Amino acid sequence: MQKSFLCYHQTLQHMLESLEKLGKLFGEFKPYDTIEGDFVLVLNLDDKGNFLDFELEEFSKEKLDKYFYKDSGASNPPSWTPTLNLNLKEPQKTLKTAIKRLEVLADFGNLKIENLKNLNFEELTETLREKLKEIPPKKKVIFTVKLNGRHIGEIEELKEGLEKFLEHRFSEKITSSEGVCSICKKLKKVFGEGLFPVKFYTLDKPNFIHGGFKRKEFVFPICYECGLKLKEGWNFVVRNLTFNFAGSIKFHLLPELVIEDEEKLKWLVERRLLETAQKVNGLSERAKEKLEQDERRILKKISEEGNYFTVHLLFLKKKNKEERIKLYLYGIYPSRLKELFEFKKYTEQLLGIDFNYSTVWDFFKENYEREFYEYVRSTFKGFPFNKILLLKVILEKLKQLLEEKESLNSFELALKNALGVYLFSLLACGGLNMEEKNPNCLEKSESLEEFLNCFPLLRGGAEKGLFLLGVLTGKLLQIQEGRLEGNKPFLKKLKGLKMRKGDFKNLFTELVAKLEEYNQAGEFPILTKKVKKLIEKTAQYLLSCEDWKLSDKEANFIFACGMGLSQRVFEILDKETREAG
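Under the numbering used here, residue 592 is the last one in the sequence shown; the count climbs by one each step, no gaps.
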């Protein structure tokens, strides 16, 4: 338990540190927000806060840093600074708000404005109303204050006052105490939560944090300054390093150098990741459909790099306006991504399909979202995945397709995809070696025996017998589909792909009887030489393996593989028959 806790705690710590570094390098630390208007009405005061006059000037975007507007996210007050939109109907409200905000900033910034509290608001309001008559109708007006001719953003004490006020306001809402910041390692006022926008301490069990740890054990003390960098790093990642995964799932990419070097990290992000990201994110949705999926494009680019850095992949899901971490993959080297692309290529060549994580998601998305993320974690990290669970997911999907009375052609494609999901997992998790089988052997097999020996899952007689039983079943269903207007009554015999050992032997007997029945009643022979050969082979393998050690799910999956590849096997048998004369 303690070892697992330390491992996960260190992983979360790395995530925070990576975001802080990105925030430090690429954060937009503007202490002010954007505001727009047609005119700016300035209340001019001297250094002591005595009223001088009102001044009207045209609004300028170049002066945003001087206006120093800071949106509060609320209506009262609408701004944390004395710069805000002017209420033309009730200008006295704007005037009072601006003076109040000036008092607050001056107080926190230790700036003495002695006579500010002595201003006569009635006289100021009357003078203000007279000045408003100079403004053309239907124009938007910004209100601000100058002290001795200087804008708010030109007075360091007021800028520091805003920073201190925001930190004070934050500490009033969130519990704080003296402690060591988990990022900068300095002793200062730290906060336990609220500085990071993602709730990473309440995650689904198997996907990320598990083992019964308590929420408080995953609260990281962070100082306000590091929290700002953390937030900026997060905003940078969301804007620039967010991609689609498996079609509709979002993931965020966080790079980290093996040997810390800020300049090299900046170069990596700007010259490698951002250039590729801009190409991906700059495409229209229609154009994206014609190209590779996002995850393939960006991860392929990373796989071509050396192991001088790693990437962390963060998968989030929105729930009740909160984003929760579904999976965090830490420390993926480019060389590992290169291996995954090699496994993908092998799978595609072997089965003649286009394979990616969207293929996997199609099997999991209805009822097994949590298990999908575990599949992703296992394949990326090379950890063993629960084979029986995977077969359960696959068989349920195949059963659903069979019950929906899909054509056998549709089932064949679905079966190849299912086989791809299964084989990719074995390859990525160490259960299958690519060197064992040539990826082109299934396509180039010229005999039945060669095909069976090439197929990765057929290691013994039981597996070969079940596969050939599936091939014969596929042939029978094809006959029924053609003769019975699409109906396939023999499907009921398959028990929803939940057969046991005795069921397979009974199925073989019933299948042979049904083929003989159709052969006698048909206009053309069904029990041809090649079909009889297949029946003999199937019987030989099944009878020679009385004590097979396959699980029921493995047996049903191998059987289903035979059904889906029935057409390919009969093509090989046709070729053998022609060559034999």
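Hint data in this document are derived by calculation from the structure and do not stem from the laboratory. These numbers come from a predicted model, not from an experiment. For glycine and all other residues, C-beta sits at the position ideal for the given N, C-alpha and C. Be aware that a few hints might be false.
[As the list claims (entries may be wrong)] Computed list of lysine-lysine pairs in DSS-like fashion (alpha-carbon distance at most 30 Å, straight line):
#, residue 1, residue 2
1, LYS544, LYS586
2, LYS157, LYS144
3, LYS455, LYS503
[Said to hold, decoys possible] Label-pair restraints from in silico Cβ distances:
#, residue 1, residue 2, range
4, LYS543, PRO500, 41 to 51 Å
5, SER458, SER421, 54 to 64 Å
6, GLU236, GLU168, 16 to 26 Å
Hint-by-hint comparison with the structure:
1. The straight-line distance between the Cα atoms of LYS544 and LYS586 is roughly 14 Å, inside the 30 Å bound, and the hint therefore holds.
2. Restraint check for LYS157 and LYS144: the C-alpha separation of about 21 Å stays at or below 30 Å, so the hint holds.
3. Proximity of LYS455 to LYS503 is assessed by CA-CA distance (about 34 Å); at most 30 Å being required, the pair is judged violated.
4. The beta-carbon spacing between LYS543 and PRO500, approximately 23 Å, falls outside the hinted interval of 41 to 51 Å.
5. Look at SER458 against SER421: about 29 Å separates their beta carbons, and that is not inside 54 to 64 Å.
6. At roughly 19 Å, the beta-carbon separation of GLU236 and GLU168 lies within the given 16 to 26 Å, and the hint holds.
The earlier numbered hints that this structure contradicts are 3, 4, 5.
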